[in-house]
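*Asks:* In case you want the letters, here they are:
2 protein chains.
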Amino acid sequence: MKKTSVKAVAGNGLLDRRSFLMSGIALSASCSLGPLAASASKPGGVSSQSISESFPEWMKVPGHAATEYGQPSAHESQVRRHLQKSAPETSIFSIWHTPIENQRGIITPSGLHFTVNHNGIPDIAPQRHVLMIHGLVERPLKFDVDSLMLYPMVSNIHFLECAGNTASNAVSLTSLDQSAQELFGQISGSEWTGIPLKHLFKEAGIKASAKWVIAEGADGGSHSRSIPLDKLLDDAIIALYQNGERIRPSQGYPMRLFVPGWEGNLNIKWLHRLEVTDQPAYTKDESGLYSDILEDGKIQRFSFHMDVKSLITHPSGRQLLPEKRGFYEISGLAWSGYGKIKLVEVSADGGKTWARAHIESPILPKSLTRFSMPWRWNGTDAILLSRATDEAGRVQPTRDQWRAQHASYSFNHYNGIQAWHISSSGVVENCYV
Amino acid sequence: MKKTSVKAVAGNGLLDRRSFLMSGIALSASCSLGPLAASASKPGGVSSQSISESFPEWMKVPGHAATEYGQPSAHESQVRRHLQKSAPETSIFSIWHTPIENQRGIITPSGLHFTVNHNGIPDIAPQRHVLMIHGLVERPLKFDVDSLMLYPMVSNIHFLECAGNTASNAVSLTSLDQSAQELFGQISGSEWTGIPLKHLFKEAGIKASAKWVIAEGADGGSHSRSIPLDKLLDDAIIALYQNGERIRPSQGYPMRLFVPGWEGNLNIKWLHRLEVTDQPAYTKDESGLYSDILEDGKIQRFSFHMDVKSLITHPSGRQLLPEKRGFYEISGLAWSGYGKIKLVEVSADGGKTWARAHIESPILPKSLTRFSMPWRWNGTDAILLSRATDEAGRVQPTRDQWRAQHASYSFNHYNGIQAWHISSSGVVENCYV
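Protein sequence lines correspond, in order, to chains A and B.
Take the working numbering: the final residue in the first sequence is number 433, and no numbers are missing along the way.
Take the working numbering: the final residue in the second sequence is number 433, and no numbers are missing along the way.
No lab work stands behind these hints: they were computed from the structure.
Fair warning: there could be bad hints in the mix.
Identical copies go unnamed one by one, so any copy, or any two together, can satisfy a pair.
Below, in silico cross-link-like pairs of lysine-lysine (PhoX-like), each with a Cα-Cα straight-line distance of 25 Å or less [said to hold, decoys possible]:
{"id": "1", "residue 1": "K207", "residue 2": "K342"}
{"id": "2", "residue 1": "K60", "residue 2": "K142"}
{"id": "3", "residue 1": "K60", "residue 2": "K340"}
{"id": "4", "residue 1": "K231", "residue 2": "K85"}
{"id": "5", "residue 1": "K60", "residue 2": "K352"}
{"id": "6", "residue 1": "K352", "residue 2": "K284"}
{"id": "7", "residue 1": "K202", "residue 2": "K7"}
{"id": "8", "residue 1": "K324", "residue 2": "K142"}
{"id": "9", "residue 1": "K198", "residue 2": "K7"}
{"id": "10", "residue 1": "K231", "residue 2": "K207"}
{"id": "11", "residue 1": "K340", "residue 2": "K211"}
{"id": "12", "residue 1": "K231", "residue 2": "K340"}
{"id": "13", "residue 1": "K60", "residue 2": "K284"}
{"id": "14", "residue 1": "K198", "residue 2": "K142"}
{"id": "15", "residue 1": "K7", "residue 2": "K207"}
{"id": "16", "residue 1": "K202", "residue 2": "K340"}
{"id": "17", "residue 1": "K211", "residue 2": "K198"}
{"id": "18", "residue 1": "K342", "residue 2": "K284"}
{"id": "19", "residue 1": "K340", "residue 2": "K85"}
Quick caveat: nothing in here was measured; it's all calculated off a predicted structure.
Only chain A is shown next, with the shape it has when bound in the complex (with noise of 0.2 Å):
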């Protein structure tokens, strides 16, 4: 094998990908480069005798049927949706998280796609759901399942992400001996699949003193939000696909708002009605819970964006390293709901140094988008940091900075840099910089 240098792009191990892709990973065993030298490290002429002699039972007998609606394999049924803890423990109001760093790529399984419940699930008989849309417009207008089928659709890959994600690490010291699920699972990525509602909103004829629209859902406790008419008639659409299939109950099934990039409850699951007004509603949600407590105490009443955030994934919290030094591919996940990722930068060193990581294709607009770099651990003590910038500009800021601009107590739209320690037995921890 022909051997390249591995050139650094910057301190504590991180690798240039172009140099470190030609240089064969520098995987055989000869190399002796670590982990990434596990499979080599055990391998040898592969004789006939050999392969034969390594027939496992399922290679001797037939195998079993496949079923009307897959699922998962059996072996992996630890990577589950799990209880945040700290919610109440009732079905009414809970908060699942998804294992983040057990996705690869920027679809989430819809699955495993993070859900909070106001109210817990409502069992909705779909033929029997109506969408009203009333208010300040020329003609009221009622929709069923049946006739929203028939309108216009389009279909994008978006995140979603709630408010309250990483709100842990916003107002206190927690536990550091928490995973990506734990810290992050509050954000997901699907195609999303429905009918933009500037044309139902157009049919509707709305008034020239339209500014609001409350959107309400028809679960138990009537979740609603208010939200400005103009982001609904630039990209919102009713979802009534999720990843290629119907909605399922927990992400509002048989229909639900999509706000593209703007914070998770405004996506009204359950839809049933959308008022159209002059004038925010101030309902019970978006006065208490979603409303951001700045520094000097005063309340940001509406603050709908998801600002631009990054998470390694891998390696990420409660995962071991599995060798003590060598050579591994560092992995995330970035978004804005701002638009495009622009830049991701890593640090392996605290954030002394930084190099800019690679964003794989597709790069969409408030969507997760996946970046790598290659890193060479030397088997002591490193923090890993990233860092995002969109391109509307904006740049993840460190925790230090957002802390100074909200309450000691506020959490919501917690952005900051997130950093993970390694130690020298390998162990991830999440750690603040």
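Knowing the structure of chain A, use the given hints to seat chain B on it.
*Replies:* For chain B alone, coordinates are given in the frame of chain A:
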């Protein structure tokens, strides 16, 4: 509502998209424009009284809890994979069709992805599964799942299609009363994540005489195919993830070969062996089932690419247009194993006139690509066609053109233009033009 005139772009009601959308879709009851007015045929002032009267029982009680791994609504249980009836009634060889006409967007839910199993689904213990690379290499290698997990991965959205998809339209005048699932159910789209094979081959050290690779699965019948080395070095991956989670048993858990744009059965599931050689092995399946029979009776032994193809999914076979006449959005999927889709044309008059369909972003290479076209159905017989062109300049042939180049009993790689006949009663049926 300001009325905008809707321009025609081709015969029998195909409409200009921009003027159609700008028209307010002419959906209000006062326009009396048919099915899209279904919603508006029952509007009326929505008073506060009618709102309170409309509270269904699920708005009066708390909902139920989410689950650790979510499932679709029980109300959607009719959307399922179906076993192809013409295949043997056995779990050993089976073909499960995806309900492609129920899909929106370009992602197929993993639970509904089509699956062809030559020897059933083996129940593999992942910790004992080994991938071997041997033959014309400097260093034969073995990899277990854990060691592969450390390699750099890529993610891409690609289609996967069985060589035999739509075979029944190739060989004879089959029953016209068939759904898109029955005819086209062996095509699906997913985000696939895995390790570029070139990294592993670089590590193994490919010898100069190497030209082919024999890929073999760990199923009971050791399904295997010979694949040109150049393709595997180009864009093939060892796929470990599908749609963000570990690949499912019916898709090759714990790993499969993924060969973008090439016929499905080359994408060896439960992959356990890659033997680098200087010639093909002429395995059972490549010499038999998956070779194409040409018009002169000769065999075209290797036909790897899946050719440019398209399908209108809405409306499609067994669907019923719910109103006698009016506006519809024609929507469908196009794909090509040679790269990106460049153009999709639609005809509503059986091919006499054509118009360019709108192609939805993202337009990705070797991926399902969604197209749409507004249509005003006048309530009489119509024949809808779609014709895709890819960036390599390949154009879908007519059925007659395709059949002229193949033996009458040849059925693989059929990509003729699909025709749907709409009767005056709104019944949609497969037809030949």
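*Asks:* Have a look at K340 and K211 and pick one of within, between, both or neither, based on CA distance no larger than 25 Å.
*Replies:* Intra 27 Å, inter 42 Å, cutoff 25 Å: neither.
*Asks:* Have a look at K60 and K340 and pick one of within, between, both or neither, based on CA distance no larger than 25 Å.
*Replies:* So K60 and K340 fail the 25 Å test inside a copy (50 Å) and across (41 Å) alike.
*Asks:* Evaluate K60 and K352 at a C-alpha cut-off of 25 Å and name the case that applies: within, between, both or neither.
*Replies:* neither (56 Å within a copy, 56 Å between copies)
*Asks:* Under a CA distance limit of 25 Å, which applies to K7 and K207: within one copy, between copies, both, or neither?
*Replies:* neither (62 Å within a copy, 27 Å between copies)
*Asks:* Is it within, between, both, or neither for K231 and K340, if the alpha carbons may be no more than 25 Å apart?
*Replies:* within (17 Å within a copy, 32 Å between copies)
*Asks:* How would you classify K198 and K142 at a CA-CA limit of 25 Å: within, between, both, or neither?
*Replies:* Within one copy, since 15 Å is at most 25 Å while 56 Å is not.
*Asks:* Should K60 paired with K142 be assigned to within, between, both, or neither, using CA atoms and 25 Å as the limit?
*Replies:* between (60 Å within a copy, 21 Å between copies)
*Asks:* Indicate which option fits the pair K231, K207 if close means a Cα-Cα distance not exceeding 25 Å: within, between, both or neither.
*Replies:* This pair counts as within: shortest intra-copy Cα distance 16 Å, inter-copy 59 Å.
*Asks:* Up to 25 Å between alpha-carbons, please classify K342 paired with K284: within, between, both or neither.
*Replies:* neither (36 Å within a copy, 49 Å between copies)
*Asks:* For K231 and K85, with the copy left unspecified, which applies at a CA distance of at most 25 Å: within, between, both, or neither?
*Replies:* neither (34 Å within a copy, 49 Å between copies)
*Asks:* How would you label the pair K207, K342 (within, between, both, or neither) given a Cα cut-off of 25 Å?
*Replies:* neither (38 Å within a copy, 41 Å between copies)
*Asks:* Can you tell me if K60 and K284 fall within 25 Å by alpha carbon in one copy, between copies, both or neither?
*Replies:* between (62 Å within a copy, 18 Å between copies)
Figure legend: structure checked against the earlier numbered hints; hints not met, in rising order: 1, 3, 4, 5, 6, 11, 15, 16, 18, 19.
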